[in-house]
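*Asks:* Heads up: the protein sequence lines correspond to chains H and S, in order. The first sequence lines up with residues 8 to 622 when you count with the numbering used here. The second sequence lines up with residues 29 to 131 when you count with the numbering used here.
Do not take every clue at face value.
Said to hold, decoys possible - Listed below are the simulated PhoX-like cross-link pairs for lysine-lysine, each with C-alpha atoms no more than 25 Å apart in a straight line:
1. H:LYS268 / H:LYS307
2. S:LYS55 / H:LYS313
3. H:LYS545 / H:LYS576
4. H:LYS511 / S:LYS123
It should be emphasised that the hints constitute simulated quantities derived from the structure, not laboratory data.
Below, each chain spelled out in residue letters.
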Amino acid sequence: LEIYELIDKVIETDILIVGGGGAASNSAVSARRSGMNVTLVSKGKLGKSGNSIMAHAAFSMDGKSAHDIYGIKEADASFTRDRLFEKIVKQSYYLSDQNVVEQFVEDSPAVIHEFVEWGRKAGQNFKFTPPSYWETSGRSIGNAIRKSVEDTEGIEIIEDTMIVDILTYNNRVAGALGIDIYSGDLILFKAKAVILATGGYQPFSLKCTNSDMTGDGMAMAYRAGAKLADMEFLLFIQVALEPESIRGSILPFMFSYYSFKMDIKDAEGNSILDEIPQEIKTVTDGNGVDKLVQTYYQGKRLFLGKGTAKRGLFLDFLKSSKEELERDFDKLTEMFATWHKHGYYNGDDIGIYRKMAMNGESIEVSIGNEYSMGGILVDEKMQTDVMGLFAAGEVTSGLSGACRVADALTEMLTQGNRAGRSAAEYAKFAAEIEIDSEQLKNIVNRILKLFENTDGISAIKVCENIEKAADEGFNYCRTEESLMSTLEEIERIKNKELPNIYLKNATCNYNYEWIKAVQAENTILCTEIGVRAALMRKESRGTHIRLDYPAVDNDNWLVRIIACDRKGKIKLSVRKPIVTKMQLPQGKEDSIVKYLLKFKPDIGDEGMNDREMSL
Amino acid sequence: MRVRIQRFDPFVDKEPYFQTFDIPNPKSESCTAMDILDYILTNYDSSISYYRHSVCNHGICGRCTLKINDKIRLACACDISNYNDLCIEPVPNKKIIKDLVTE
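Bound conformation, chain S alone (with noise of 0.2 Å):
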């Protein structure tokens, strides 16, 4: 599976990009968005930033909300089961902190 994720640090880009990370088809036949960034991170660059330090990863705080796919969605809730490739983005039209993480 081929992941491009938006990267963005305003203490150190000047402008955003597009990393790629080819990742092994995920085992189970439904797999989160979530659970796609969280693979990348432990497994790949530990550095990627989304919003991860207080989530319930149920679809009940509803802090996760992320452009995938050129659709606004909860990372935790979306099954990426029928995915072949995914892009994931910050929400539009928002200051960015870090990579995917949002004002």
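This is chain H alone, in the form it adopts within the complex (with noise of 0.2 Å):
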């Protein structure tokens, strides 16, 4: 059968451009202002899907510039950009490509500014706060999304179609394949480059993520050539587990972010929080780094069977007296109100925990998956290792090395707009366009084989013990016994259960068992990639917390871990970062939260300490 009788449309474009959230609407705008054919599929609808809406947002730039460029007298002037240069550097364990770490800050006043003019004109409320970011809610971000892009004439949209493969020729992009998820058409896309926004994988049962968030565009960069790196750090937030409505909300985080008096107690009653010493709490208390400490004790304390059946933790707050929770409930209640409906965070209503902090009732809570470091290995232009690839936002790495802690809504926003206008000054030059119609054979047989089994397991199961499988020895602490354990699995599932799925459902159209086999792929490939990476690297950093090596080994592991395709195997090798401006330490730190203390990587921080004001 000629291959071009199965494709159902076929759109040829200058740069294809594949994602919903802000690192896809940035690319499309700078490319577009660089006067090329912009096309911008996303697996949902833009400004409504992908982590960009799933955020209690803040964005920034430094103090430096947003007092003195943009005349915004409350930010702090000493927050410069050497200084925010030095706390992302230290916050990644010294694990950021430097090159990378450079961009982001000189890119990113510009950038911000003009995202915050958008949200203007879409009447959102982008409240700045010292010492220089911007708080908002994440639909607010997803408004200001859809307003850049109505705002830029001539960037073609197509939504609710999920790109399955990069198409390359001679190893140079020429487009991808796509299927329309409402009416299950394949659809050919021809471009000249492509920019990856598709954000990164969440390979859990319990996030605070979006369900999309799938390893899509890191499987795809990988099966077209490109290298990923960093895939054994994956960042932790305190999320709810009750009640199961608001399962995988980050309320429960709001309440030590907006330093209200709490506790956090394992299933026997032990306090967590009192267990922290002293002196860490002193770094970390209200700033950044204090989600990853607490990972740290509470991830402990859960690994080592000490959490409840659902491998839970109780949040209470009997620390407070009756008043002082009325009153910062009100508060809360109040500055939410600023975003979302009144006694609501988001869709998650704030007066259950209201009302069950009054009645001295404990809150089931756990650690759940927020974000991944990990990503495509991009370099300072935002350029794969593929001619034609780029990548924006969560989906690279580089930027955040072993721990992100803000500012992930700069980063795709800032990586957004340097990978437009990289693709664009490529695709000015590009060669015409030329389809390896052998290649785009295998991918769409590789798709439309999935419904060839008369019988075999779901899907939908697949998935789901995929993140069992990541649950048991991937999580937020590690040790040899439990990522072989889980690599095990892995591979079962591989093995075993990828080439048994089968379809019930046999029409193309609105076939999310069709979309769950194809995304399975993806995912189990990232976090078969992230396992082995753990395995390898045999110390702590950052929110790579391995039990059996507790100590931050800058002698023998402060080099990324990359990825690649040899003939079918992962190939992982080593090298370190790109320096250049900030040395690498030597030596070692006992543990992760004993390179804090020497770093303080906290700095900058300071005016997030106390949020009474923004409260």
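Bring the two chains, given one by one in their own frames, into a single complex with the hints.
*Replies:* Listed below in structure tokens is the structure:
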């Protein structure tokens, strides 16, 4: 059968952008401004999908630029670009590629200033808070994203369409193949350049992220010949386990973020917060790295089996008087009412927690996945190792190394802007597009073959099993044994379940089983690479917490682990991070927490310590 | 708990029909219509179709709108703890793509 008979539609463009959040929108805007034809394809709806809308959103630039260039009087001018650079590198445990950090620091002021303007035009409330960040809601971010694309004439938007693979010709990009999720049509996109802005991979069952964070972009880039790096580093945050209706909500994190007096206890009633040494609290309380410290102490307790049956912990407010609680909940409710329905945080009812708190009840919480530091290896121009393939935002690696604290929104916007410009520069002089029909045929066959099994396991179950495997040994704390057990299970799923996926749903129109089956291949690939890298890294660093190797070992492991495809097998190699300004440290630190005490990466967060102001 | 779900695949069926699922009462005191649909999808029938491929599950994206016991609600934010039975239909007056998914 001629392959083109299976293709329902062909769309030709200069630059194809894949994603529905801020990295995609800013890529599209900057590429379009460079005079190129731009097509943006999103798995969901632009500005209503991906992780951009999931944030309790803060984005920033350095304080000096905010103060001196943009005339914001409240900005802290002492928070200079150099200090921002130092903060990111130290928070990354020195694993950042410093050329990528420089791009972030240098490009962010203009990019963020423009995004604030789009937000204002879209009628959104972006609240400036010292030293130099803007606070808003995920929904407002989404509205500003849509506004930016609407205001830039000539960007073609195709929504509810999933890109399944990148097409190459002679090792350069030639386009991509997509599925229109509603109709099931196969769409061939011919493009001179592709920008992946598809977000991260969150392989666990408990997460605060959008359901489409399945590692598609990373897996597609890898299959196209690009490299992935830092895949062992995943960021965690406190989330709700109950009530079930808001499982995964970051509302419990907000209590500590906004300085409620509270405690976290294990299933036996032992306080975890009391266990954290005062010297560490002094350095980390109320600032960004607190998230990592909480993961370290709470995660260890959970890993050692001290949690509830649901692997939870108990949050209580018994340290607060009823008057204090009334006051704090009133303030929180009023503050959230700036962006959300009164009494709610997004769709989550604050009143449920208020009632539980006032009754002296505990709330079951745990640690869920928020973000992946790892991803596609890019340079400061957002170029990957494949000609014509660019990436921006959470799908990339290099900015945050072993730990990101804030600024994911700044990352997506700033990198998106740069990727759009770089792709345009490339596409202007790129050769005519040619399609490798053999390669196209293989991709089409791979996704249509999923309909052939007449019996087997559902793709929904397979995805659930991948999550269970990741939960078991690749979570917030790890050991050789736990990681090996996850790897064995991942291998089993890959060999026994993936080939036996059976789609009960036999038609292509809105076939969620089909979409899940395609995603399962992507998530399992990212997870396997992450687990293999975590096994290789025999130390702890940032969010990679190895209980059997607790020390941060700068002499042996201050390297990025890079994965590439070698004849169908995952090949891991290491290299030092790129240094432009700050020399890499030597020696060992006893633990990831001791590192924080020594390097104090929280500089610049001083203004965030007293959130009473913003409350 | 008895859950009635409207089903319709325009490429297979002549007209919409209801399928009934008798499922155990949710263990949690508080769960959403989305949780119930997910439960049925995972444990009873992996072919039921509702908007699920790019959802926030916290009332942000607004894409899981359905008719639930005759009211138009977001499935992910619709607490069903006070319902004994559920009737889930697509949003009316829209072209049905499949089951509960509308254009």
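*Asks:* Out of the numbered hints, which ones does the structure contradict?
*Replies:* none
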